[in-house]
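Participant: Here is what each chain is made of, one letter per residue.
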Amino acid sequence: MSEHVVVAPLVVALVTAILTLGVRRYPRTQRTISLLGIGAYAVAVITLASRVVPLGVLTGGGGTTETLTYQLSNWPAPFGISLVADALSVFMLVLAVLVVVPALVFSVLYIEEFGQRISYHALFHFMLAGVSGSFLTGDIFNLFVWFEVMLMPSYVLVVFYGRAKHTRAALQYTVLNLLGSAVMLVAIGGIYATMGTLNMADLARRLAHAGEYGINPAPVLGLGAILFAVFALKAGIVPFQFWVPAAYRAAPAPIAAVMAGVTKKVGIYAIIRLLFTVFGAATLESELGFGMAGTSFLGLFGPVLFLMAIGSIFLGGLGAVSRNDLDNVLAYSSIGQVGFIVLALALAATGEGTVRTVGLIAALIYSLNHAIAKSLLFLVSGTVYEAVGSIRFDALGGLSTKRPVIAGSFFLGGIALVGIPPLTGFFGKLLVFDTAGKAIVAGEPFAEVALAVALAGAILTIAYFSRAWNRAFWGTPSEPVTRSYQPTTMVVLVGAFALLVVVLGIGFDPVYRAADAAAHAATEWETYVEAVGPEVIE
Amino acid sequence: MQPSQGVLLAVLALPFLAAAVTPLLYRVVGERVAYFAAAVAAGAFALIASQFGTHGTVSLQWIPALDVSLALYVDGLSLLLGLIVSGVGVLIFTYSGAYMHDEPGKAKYYTTLLVFMGAMLGVAFAADLLALFVFWELTSVSSFILIGHYQDQDDSQYAARKAMFITVAGGLFMLVGFLLLYTVSGDVLGEATFRLVGTEGALIENAGAMQEGLRSAGLFVPVVVLIGIGAAAKSAQVPLHIWLPNAMEAPTPVSAFLHSATMVKAGVYLVGRFRPLLGTPEWELFFATLGLLTMTVAAILAVAADDIKELLAYSTASHLGLIIAGFGLQSVYGAETGAFHILNHALFKAALFLVAGIVAHEAGTRLLSELGGLWRALPITAAVAAIAALGMAGLPPFNGFYSKELLFEATYHAAEHAGGLWWLLPAVAVFGSIFTFLYSIRFLSLFAGEKPEAIEHVHSPPMAMLAPPVLLATLAGIVGLGGVSATAGIHLGPLEHFIERVVEAVGASEPHFGYHLPTSLTPAAGMSAITIVVGAVTYPFYGRIAAGVQRLIAIDPIRPNFYYDGLVSWLDRTTIVSGTVHTGRLRTYATWFFLAVAGLAIAGYSGAGVVFPAISSLAAEPAMVIVLAVAVVAALAVTRAPSHIAGVLTLSILGFMVAIFYILASAPDLALTQLVIETLVLVLFLLILDHLPEFYGEVDRIRALRDGAVSAVVGITVFLTVLVSTAATPGKPIAQYFIERAGVPAEHGSTLLDFGGGGNIVNVILVDFRAFDTMGEISVIAMAALSVITLIAMRERGETQ
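Sequence lines, in order, name chains G and H. Using the working numbering, the first residue of the first sequence is number 4, and each one after it goes up by one. Using the working numbering, the first residue of the second sequence is number 119, and each one after it goes up by one.
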């Protein structure tokens, strides 16, 4: 069964990108098309999402989630390219919509007109196409392609302002990601050579029945590890986080919002898809060496994820506390917050049954909260820049009296990161703690360490949020703050976006159910294989 | 009788709704919004009072998927706290109306205070652990905002941040404790539940089974400690008490409301609430120690304080310690101590804070050393202070005396029971109480004697500021007189009955609560006598004692703030990440990337026990060997090239050798592509080389060695990867599908030709089977072109508008 709705988000984004290029001479038309395009994108995603996860599933009223596929050119899987929309993919797509819609509207207000006309809108929608393709594709080489489509515009958008510091940041960002692309190709080539296929469902099936297909799964573990490293680079996890602070600082605020909110999550998504769906049933013929337990591939990735999570939480947290401007704090905070997501994934990888499911739900909810809260904070930072002309703490101070709505939005975003109920961030923290608690009760290794790290990381979050708040928003209004003006439309937009953090937290039930469905979709690889239905060559 | 759902929900909703309209209302009625808030509190008080005598749970689903509900439970304990919160709330809002007259940020102040009151009522009534936690953290956040009310003051910022740091972090520990309870309840009760109390499947109703389940999972003590940390952070127990004295930066009504009468009671409330669930010898040891330690340490610190609000802050921590110790002790006396002292403390301490506010407002200073003789100017205030401070001192017949007697009785009982080191409990209780007596009298002394000349004319406070403390002191006085009349046989029935219900709620079965003056020399009466006599004898040396304590706490490792200040200032300044790890050098970053990738790959290969094919199987034709050897030589030569031109030329030797390799490997299409790319790259390089600096820079030997080692590691990893990949022979590869349907030879049929429009496998795959990839890559190229335009057009434009 080929469902055209699966490809809709991708087509909308690509067409919008091309159209905005075509009307470059007419800036007003260009902006209108861009805004209409993002609206159409949202409609496409929501239509797709409601087909995959019916409303009944979200309200607990019954119904079942489906996995829709689209076989390009109608070639049967695994010979052509399959697009697959399951509960996990649509969860990530909806997450993207929640961020990109406000980010684009903000861009129209924020980016100077000349920049918008040159290429901004086309690049934005191309990036969105890359993101959508990455979430939807069921083919690992095709994933590489969409990564490239996503990265190429991001390189330019980082250097968009064109000064020395932006160029420097973009150079580092570009070089590290090109290295990533190179090793990704090595890994994909190796996987194709050892497995004889590129289709993810086919890979999962072959790994589960290695004997039947005459496959030796042993090399795939190492090759998969290389692929994993590339995904970790996209997600900015320690030790692949080096590009993050400079790139976020250099990029225009709405782009930093999309990069922190969405493109990072592409890396997280790819890790989940690879480890839990493709490698879901992958086992080795003999026990893993070096004290790693079991024969499952996850025996390697579990401990690795732990180390990376611990590194990220501490590096990000410690880095953020002492920074002296908003963007820098937010950028380092991103590294730390992604560490929490990885921590949940680590627990999911080492655990089994409930621990695994809850771990994945925790990772997804945490991703959602980080996407919304962090992009909100970057937009706030952009608004502060617009209003005051600086985001450096020594030039700020006293914003809360002068610009209460901006301050209030920052406060909500900040306490969402800290995990104050009933905001979305609380549930992220809650579920990470819950996973660790369940792992402790189940006697999983490292669980106590995970819990201790999560607590320490949460305390670091309080430390950097409270410092940033005190420095930028409390205190005597500085001279630039006194002179600041109110960019009304931006403030309204940011304020409305901030309310989303509250609304999704209070109305958390459907969010949880969506994440629950996504977590099951990620681990139930048989369903995925069945939906894609790769043919067997006789 | 069941409580009414509508009423309880209204109690919770009322303050939040009022908070939502307060900013608007403030624009209309100005500071009179205080009386609106007071009316809201009064409404809540009336609604809660209407539930007096009911007992049970009402529940509203919140997150059914996680089985979380907004469950509200009414029993003695929740009623007590609810009435204190709303009742003191009425007085505080009234008092604020006058006190905040000249202060900034009134709209924010009243909004936050109302949110706080709603959250605090939520804490009192929530029966679901998650709902409880939600309200719990909301009180911390509103406390943060209120402590930072004078936001341009550094001290306020410091205090607010510290309070948030400690209370929110403590809350997280508590949350972990809750979650462990939740998980264990799944094993014990069949279905995991967050419901603490009030229904058949709730945790407290299955306390025995839960304790057993926790013990068998080895989690009993961790859960007690985690919940204990949460309670200790909120209720300012040693060593987490340090935020409370700083919190006095808040306006005085806030100090009276949050930081003495209500919010800090949340911790002791929690301990009381969990007492029936977790009350065991371990619990007793933990909380009795914590409570008595805090009671004593904080009382000593209070003696050293010169600022009256600081004195009251330490005193609050000390009295909270007393309540915690009471709830810790497992005898019925312990339960009675905690239950009764919550009420007594709220009455006398809120009154004293309001007195402190009046003094600061009217005399212009809060320093004990500058104050004195205020009784002439403030006679009513002095009377209030006398009743409240003597209650705080534990002097009969004032209210605090009775609950302190109960503590003495409880500690004596515990010591008599267990013997040994447990005798420390009554000893410490008496020791701490002596200091309590001392600072209480010292507080009172600011009304006595002659007024120092430095203090100018002291006005009498407005009615709105005077009435609330008078009311509180009157109530405290009535409670005290109740004990006197009870000695004569006339009991304050309703009060005793109410406290009895609280005692029941904290886990004592069939309690009979009554209080009166001691009529015989019981051990407790003896302990009280010792306290008062020693206190009175040592009072003349108050100055010396205070100076001694001040000297002691100035020593660094003992200084209360030593650890917090050290940690936070290190965090705020550390460049461990931005300086040491993130050096800004791409070389470092690339090294990390390469080594991490190589490490992961090697870990994967060796973990899986990959067997690498023998080198002998790599035999190749002589021509191939020569081509590859030239390529290797060229690669080495690139690293040693003396100029850009030489480097680029040598690099293209490598590229052309790869092209020849493709020809030898029968891949003419790849070879053509490679040749085109090599030629283009060479031309492009040569065109831009002119614009680059000629000098490469010196490479020192150590770095060269390190870089050499990194490249060797990367080279070996890629080599191994290629080796295992090319050696693999997977069965049924998808390539077979294409080969079997290719146009050549003819017997394969015409599938590719008919449906793919071509006979060349590679071409059909590129433009049909994998056309999607091709389209994506074309977009990338288009974007690359767009990037060039952007880079040129946006060059040096910066963020200007």
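No lab work stands behind these hints, which were simulated from the structure alone. We put the beta carbon where it would ideally sit given N, CA and C, even for glycine. Among the clues, some could well be false.
What the hints assert, rightly or not - Partial chain G-side listing against chain H, Cβ under 7 angstroms, derived:
1. 181
2. 182
3. 228
4. 440
5. 461
As the list claims (entries may be wrong) - Covered stretches of chain H (in silico footprint by chain G; criterion: 3 or more residues with CB under 8 angstroms from a CB of chain G, positions within the stretch not fixed):
6. 275-284
7. 716-729
Participant: State for each hint whether it applies.
Facilitator: For each hint, the structure was consulted:
1. Given hint, residue 181 of chain G at the interface with chain H, is violated; its Cβ is 10 angstroms from that chain's nearest Cβ, farther than 7 angstroms.
2. A cut of 7 angstroms between beta carbons decides the hint on residue 182 of chain G: the least distance to chain H is about 6 angstroms, and the hint holds.
3. For the restraint placing residue 228 of chain G at the interface with chain H, the shortest Cβ-Cβ distance is roughly 4 angstroms, inside the 7 angstroms limit, so the hint holds.
4. Interface hint status for residue 440 of chain G: upheld, as the beta-carbon distance to the closest one in chain H is roughly 4 angstroms, under 7 angstroms.
5. About 5 angstroms separates the beta-carbon of residue 461 of chain G from the nearest beta-carbon of chain H, less than 7 angstroms, and the hint is met.
6. For the segment 275-284 of chain H, the assignment as covered by chain G holds, since 5 residues bring a beta-carbon within under 8 angstroms of that chain's beta-carbons and 3 suffice.
7. Proximity of the segment 716-729 of chain H to chain G, defined as three or more residues with a beta carbon under 8 angstroms from a beta carbon of that chain, is established by the 12 residues found.
Of the numbered hints listed earlier, the single one contradicted by the structure is hint 1.
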